[in-house]
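Quick note: to get the numbering used here, add 2 to the position in the sequence shown (first position is 1).
For the record, the hints were derived by calculation from the structure and aren't laboratory data. Hints are supplied without guarantee of correctness; some may be wrong.
[As the list claims (entries may be wrong)] Dumping the calculated DMTMM-like pairs for lysine to aspartate or glutamate here, alpha-carbon to alpha-carbon at most 20 Å:
#1 K224 <-> D163
#2 K275 <-> D124
#3 K275 <-> D214
#4 K275 <-> E208
#5 K20 <-> E71
#6 K192 <-> E113
[What the hints assert, rightly or not] Just the calculated beta-carbon pair ranges, DEER-fashion:
#7 P65 <-> E127: 43 to 51 Å
#8 R295 <-> E69: 37 to 45 Å
#9 P271 <-> E62: 33 to 41 Å
#10 G105 <-> Q219: 19 to 27 Å
#11 K149 <-> N59: 16 to 24 Å
#12 G217 <-> P271: 26 to 34 Å
#13 R195 <-> P65: 25 to 33 Å
#14 P210 <-> R295: 19 to 27 Å
Small disclaimer: the values here were computed from a predicted structure and weren't measured. Backbone N, C-alpha and C define an ideal beta-carbon position, used for all residues, glycine too.
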Amino acid sequence: MNRSSDPEEPDQINVKIKHRIALRDDDRFWLEIDRLGLHYDRGDSNNVLRLAINVLNVTEDQPEWPEVERLVAIFCSGGHSVSNLFTKAELDTAKWLHLSALGHHGYPQPEENFGYQEATYDVREFCPTCGIGGTQKAPFRIRTEFKASRSQIVQLNWVFDEFFLRNQAREGLRSAGITGIRYLAPMLHKANRQCERVAQMVVKVELPPALDPVGLQPVTCKAENEEWQAMQRRRPFESEKLSHCGRLKYHYTHKGPYRFDGDAFAGAPDVVKSHEWFGSGASAHRLVIVSQRFRQTVIASNWRGVLFEPIELVK
3 MNRSSDPEEP DQINVKIKHR IALRDDDRFW LEIDRLGLHY DRGDSNNVLR LAINVLNVTE
63 DQPEWPEVER LVAIFCSGGH SVSNLFTKAE LDTAKWLHLS ALGHHGYPQP EENFGYQEAT
123 YDVREFCPTC GIGGTQKAPF RIRTEFKASR SQIVQLNWVF DEFFLRNQAR EGLRSAGITG
183 IRYLAPMLHK ANRQCERVAQ MVVKVELPPA LDPVGLQPVT CKAENEEWQA MQRRRPFESE
243 KLSHCGRLKY HYTHKGPYRF DGDAFAGAPD VVKSHEWFGS GASAHRLVIV SQRFRQTVIA
303 SNWRGVLFEP IELVK
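Given the sequences, and given the hints that come with them, work out the whole structure.
In structure tokens, the structure reads:
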């Protein structure tokens, strides 16, 4: 999707920028948001960690945005993502699109001390400081069957590059001949048996390095990195006590589409992951990128739970 420099092109007019802020309900940020009178979604308390995650969605054209932006700079070292409200024409003409979840449901198990990481991933190349490097080795374990009955595609908290399909969606993708994925049933943690209602959509192919990082915030896994001062404001720590792998990731926050070298998609299946990592703090994940054929299958089937953003292909 090569952008024209013509200012009359519809994809360059009145593009709304949406911010999603997801923070613990005991964060001082919410006291300030309450004073502004903005509505936000209140999360349910988690039985183990005793916390809930509240979510605020706000666009930059709202009159409250300048004050929210100030508060985000003060309180949000993580939990803040930016998305773009693209036109239907942009979505319909994009060859490739970034797939993300509209909400998150439950937590990978075991939760205590993030024990799911070693239970689910081969962590030999994993860096606990930045979150880069885990490779899945076993099915995810979840507390109960997903309860978001109206969403056919769902995602867990903490794991932003894996999607789970209800049986209807799994069979629909199979029937459509969508390529590049296989299906793996998660395990019900305490019962120690396979889920019957959902399957993980395991992405089999990783793109070669292809991201155009212009406009993205890099984060290097090193002491006093690009996030260091913001992290110090939120929760001081002695960075010299942490190990660092030196690898690079990027913040999810972006305005406009992600840009990738179009040649990297030559011969690619319908679903791939980026080579590059994204996230903040100790969280890191790859982007899940899907073809227009995948999107049209979701739309035709009226499945809920996911959001698409065009990928801009560049040379």
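Hint check results:
Only pairs whose Cα atoms come within 20 Å are accepted, and K224 paired with D163 is rejected, the gap being roughly 24 Å. Restraint check: the Cα-Cα separation between K275 and D124 comes to about 18 Å, which is no more than 20 Å; the hinted pair holds. With a C-alpha separation of about 15 Å, the suggested pair K275 and D214 falls inside the 20 Å cut-off, and the hint holds. Between K275 and E208 the alpha-carbon distance is near 5 Å, which keeps this suggested pair within the 20 Å criterion.
Proposed proximity of K20 and E71 is supported: the alpha carbons are some 12 Å apart, at most 20 Å. The straight-line distance between the Cα atoms of K192 and E113 is roughly 12 Å, inside the 20 Å bound, and the hint therefore holds. Range check, P65 to E127: about 47 Å between beta-carbon atoms, so the 43 to 51 Å window is met. For the pair R295 and E69, the supplied restraint of 37 to 45 Å holds, since their beta-carbon distance comes to about 42 Å.
Between P271 and E62 the C-beta distance comes to about 35 Å, which sits within the given range of 33 to 41 Å. A hinted range of 19 to 27 Å holds for the C-beta pair G105 and Q219, which are about 25 Å apart. Between K149 and N59 the Cβ separation comes to about 21 Å, which falls inside the hinted range of 16 to 24 Å. Roughly 28 Å separates the CB atoms of G217 and P271, a value that falls within the hinted 26 to 34 Å.
Checked against the given bound of 25 to 33 Å, the beta carbons of R195 and P65, roughly 52 Å apart, lie outside it. Taken as a hint, the range 19 to 27 Å holds for the pair P210 and R295, whose Cβ atoms sit roughly 21 Å apart.
Taken one by one, the earlier hints fail for this structure at numbers 1, 13, listed in ascending order.
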